[in-house]
Amino acid sequence: MNILEVNHLVKHFASQKAVDDISFSIAPGSIFGLLGPNGAGKTTLIRMITGIFFPDAGSISFDGRKFQPEEDIAQIGYMPEERGLYKKMKIGEQALYLAQLRGMSRADAMAAIKDWFVRLEMESWWNKKVEDLSKGMSQKLQFVTTVLHRPKLIILDEPFSGLDPVNANLIKDEIFRLAQEGATIIFSTHRMEQVEEICKQIVLVNKGKKVLDGTVEQVKQDFKEHLFSVGAAADAAQWQTPLFNVIGQKEQKAIIKLQDGVSNNEVLQYLIQQGVSIQSFNEILPSLNDIFIKIVEGTPTARKFDASL
Amino acid sequence: MNKTWLIIKREYLTRVSKKTFVLSTFLTPILLAGIIAAVIFMTVKNVQQEKIAVADKNGLLKEFLEPGEQLKFEFLPGADTSLLSKGYSAVLLAPGNGMNSTAERFEIYTKKNLSVITEGSIRRRLNDAIETRMVTQQGGMSKAAYDSIRSQAKEVGFDNKVLDGGSEVKAGNSGVAYGVGYGAGFLIYITLFLYGAMVMRGVMEEKTNRIAEVIVSSVKPRQLMLGKIIGIGAVGVTQFVLWVLLIVGLTSLIGLFVPAEVMEQANAMNKGVPGAGMALQANQATMAFAEAKNTLSSVNWWLITGCFLFYFVFGYLFYAALFAAVGSAVNEDPQDAQSLMMPITMPIILSIVIMMNAVTRPESALATWASIIPFSSPIVMMARLPFGVPGTVPYWQLGLSMLSLVLGFLATTWLSAKIYRTGILMYGKKVTLKEMWKWAFRKD
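Residue numbers (the working numbering), protein chains in the order written: chain A, 1 to 309; chain B, 1001 to 1444.
Don't read these hints as lab results, they were simulated from the structure.
No residue lacks a Cβ here, since even glycine has one placed at the ideal position from N, Cα and C.
Please note: incorrect hints may appear among the correct ones.
Unchecked claim - Covered stretches of chain A (chain B as the covering partner; in silico rule of three or more C-beta atoms under 8 Å from a C-beta of chain B):
{"no.": "1", "stretch": "79-85"}
{"no.": "2", "stretch": "95-109"}
Said to hold, decoys possible - Under 10 Å between C-beta atoms, here's a sample of chain B residues computed to sit facing chain A:
{"no.": "3", "residue": "Glu1205"}
{"no.": "4", "residue": "Val1313"}
{"no.": "5", "residue": "Thr1360"}
One chain only, chain B, in its complex shape (with noise of 0.2 Å):
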């Protein structure tokens, strides 16, 4: 054990203290949030006060169209064109004006394409002002009790109850779901390979540099695989806990980019004050936001934590002790590690596409036993996971997926650690599928 300890220091400690380590754990972070940070501020930074000249002679607009936050409306009689070069970004002619004068539909003139989000908000804005127009003038309802009534019929949206287990009811959101688990079930899927091809290329280092048979003549095969592979998984675990502090913590500094009165808005709405949020501008961004926000904090987040930690400990360990056999058997060239890679990144890859299948069918066959064997359950789990638990997965299926992948993890550690204690002190041969079988399942 001591010796295993000394490996796994090691391994550490030798990729840990390694300049492309400290580059890619924190640059990646960084570049990530900066990349985020940047299309928010380019996104604020570009919204400006558009000043939009508008000509309405036959007062079809004026009272009915409401101001924005970036847009201003002016009501010149007589606007026409010659405004753009006067400050105006846009003009707006309604029918009847200038030379609109027979057109039936409204017109805007401007010098260089609106951005959606501006036009956007026209269109909204002018279909609304004539929508009020209609209902108070042909309705005869006062133009404030029908302000009322549209803000409070904006308010009106469902709650999603899930009833878990029986008596409990959670609110559900099956939006949210989906995109947990499908991050999830595809972080697991790249760490699966990052690692485990990490641990291979390790294995062939040590055979090509022909240092295997010096080390294990004082320690056994068994405890260097071991010992690298928990080395190399210790690294994963340290990679993943920085990524996760520094996203957290970035996440925060961008909270700081986002305008006040957006955060704002979206926690009025949340507190469901009832038109609260319509007093502001209300835009579809800060609903989606608040919706968010909302629905987030419907997923059992200690729960999906925990089983993803789970999962992603353990489905590296079945994956890296046969990253590990594999890597033993290769010799110097790379090509033969293709092909000897194939038996392990199929059964991977075949897990991811029935894991994009389960975010959408969580409860289909195909998901939940895919969920449970071994050789997908890290990946397809974690997409099922955040539907629910008991609802969508039974505890039964959790505990068997979880005692599986255990028994899993042991069985190939088991099944490597034979290959690799034959495959390390074998050189200049090239090792088919068939004979690693062999080595295997050699009894001695």
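The shape of chain A in the complex, shown without the other chains (with noise of 0.2 Å):
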């Protein structure tokens, strides 16, 4: 079972398309990412997610049953990427808030909090004012009341940004932890090279539709261009062969191009055969970035910003 279903999910601004059909599903304790450009409608898909936008048409079913805001939002922490906090709250206090707002008793709410704050090496902030807090610390605040509730699904969107590497690799362990606890994560980003270390599986969108769906493996196979590295000492200039084209060549390493059809044993026979010493072999997958680049720009023009939203 699913912990949350997105069927068919229409969601118009005046005269746009803001969502535009989109489906998908997430099984539960993995690590999903959205990814799109901006404007492509991450966000108001994460609105209808978290209740705050109700969909115009399609449905959402959460944890098997039919999404109802009221209810489910207490199962759902949500980092927007517009975030904030309550400048003059103190910061224990603004934990507590926040964690009585999502339905927490008191003393859950304090008991999850002190546990948090120790563990992230908080524990001396509590009297302390968000206006003294650096964007760092507040962003870790952030982190911590977004998942206090121990909500079942997860939605985090650019979790990192302005985060330095040390507090972002503190926050990358917890979102692994949290899912190896059973926590479903919606990870909603651009930035490609954290989603290819943490997600599973991903969809990508762009103007307001689905383009991609699937495993960050499959997806990578799919868009696989049988590009090879060849490890070897030779000039690979004088290679002339229906198999494969030369691409490049830089220092001991040339980069190959497959035929459509030709194997890889039908190569390295063909190099043996020229007596290339061969020192290694290997196949050349696309970054997430560059797929992401091609998809995108493949699209032309992003749309343009509707003023009356």
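Put the two chains together into one complex; each comes in its own frame, and the hints tell you how they fit.
What follows is the structure in structure tokens.
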């Protein structure tokens, strides 16, 4: 049973479709990447999943039932991209307030906050005000307040923006830990290297439509261009064969592109026949970044920003 | 509901525990009372015994010039200005005396200018003395008889009775009604702006701090808006009640500064004992004080207080929702707020203009309708109410006004919630009134 299923979701704003017939499903305990360029409709999609917007059409099911925003938002933790805190409020009180708004009792919230503050070495912060925190510190606090109520579904929109590598790693570890404990995580970003590192499954949206859906491995296989890197002490320019083209050579490595239907063994056989001493032979898979750019640039003109939202 | 309560609590507590709230709540009335006390104290202290030498060779004034509490006349034959350096604050020369031997008029010599009060007092006493002399010498009436006539004549006033709904007769006083109406209307006007702007700033803060989306992922935008409005409203009521308590407390303290004799005279005159006030030196201030004390009780304070609370609370709620909607549409630029606030501030300012008209003509069609339409009713109705219910304001008008204000509050809250919901999640874009209108009436 999937924790979240989104079926043919549509949301219009005035004249434009912010989300246009998007469907996907997320298995419990997975880390899911929701990708797309700015203005693709990610935030609108998330706002529907978190009950902030009602979809114009389509349905959402949460934990096997129809999504009931009133009750189910207690099971969801959402850290929006545009996020902040009450500047004048003390940190402990702020965390307590946000936890209570999410439906925790005061005592439970207190215990959970203490637990998290100890783990992330924030104990001394309790009586500080938000305005005294650095940007990275308040990001940490925001993360804690998002996951404090042990949500089944955690939605993080650009969670690492503004974090230094040390704190980013700290949060990353916590994300992995939460996933291991059974929480499902939706990770929305346009930073592809983070997605490759963290996510198993991804959906790519562009201009309100879903353009890609699958595991990271699968997507990479789908978009591979049969490129191989051959490590050999030889002049690749002399390889004349219908099996592949030489794309480039740098020092001891040549990049070749195999023709359709040519197997690796055929290539290796040819190279051995040429008397090349092969040191390495690796397939080059495209990075998500390459795939992302390829897809997004393939659809001309990022859609105009509609003034009337 | 539970979550709305949490929001109300936070909005209330963060504001009430602020230093500025404590300071403004306690310092304002203390400052006000302090100024009043200082003024009274200075006035009382400044009044000192004035010794005036009178040269009255021809006996124009002797017997007739009455001394006052702070005024003493000494008849010294041959008094001249040299007495000014001998402890006399003034030298009064009747016609035919000293340097004044040929003049027709009285002359008074002083070293420094006399205060307005002293001068007025001398003038009055002088006039009275001459009047009494003329009546007794030319009219042949005894001085005692004339004094008695004059004191009785001064006691005559008229009581203003209003036939309220037919049978009941109440004391009416248009002056007091004017003052109370004006004050109450103005107070509502100030609080609308004060607390309305507080709501707007609160919403803007949530938006610019980017906390709005975090909160609305756990509560409905409507709950957040209502929580803020109610929380700040409670702050307003708290501040108001504290002010009233402090002012009542402090004014009774001020009472200690008012000389006991003034109070005594006022009480005596209130009881209507003929001549009781006159036995003492009744000056104009005492008369006015007695008048005010008497007529203030002609106002139905329970009704005024009750209605004031109603129009204060619902007027605030009516406009606070609109202020919240504007706050939600504003981005970082406070200048945007100015232009978007125009449609809200215009009716409030218009109301105060109508109110100033309504206190002079509480029964005009303009005042009547403005006190029923919810945009202006909180201010204008408060100006009309002191003139009497149901005399000036029939029950149906009061009822209709209250009903339309409550309905108006529900309507503005409903519309504002729709604007608010869209506005708080919209960043980086300048919003126009036309767009806000569209958000408010978008159906979904």
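Okay, the hints, checked on the actual structure:
1. 79-85: Holds, because 6 residues of the stretch 79-85 of chain A bring their Cβ atoms closer than 8 Å to Cβ atoms of chain B.
2. 95-109: With 6 residues in contact (Cβ-Cβ under 8 Å with chain B), the coverage given for the stretch 95-109 of chain A holds.
3. Glu1205: Hint on glutamate 1205 of chain B: holds, closest Cβ of chain A at ~8 Å, below 10 Å.
4. Val1313: violated, 26 Å
5. Thr1360: violated, 46 Å
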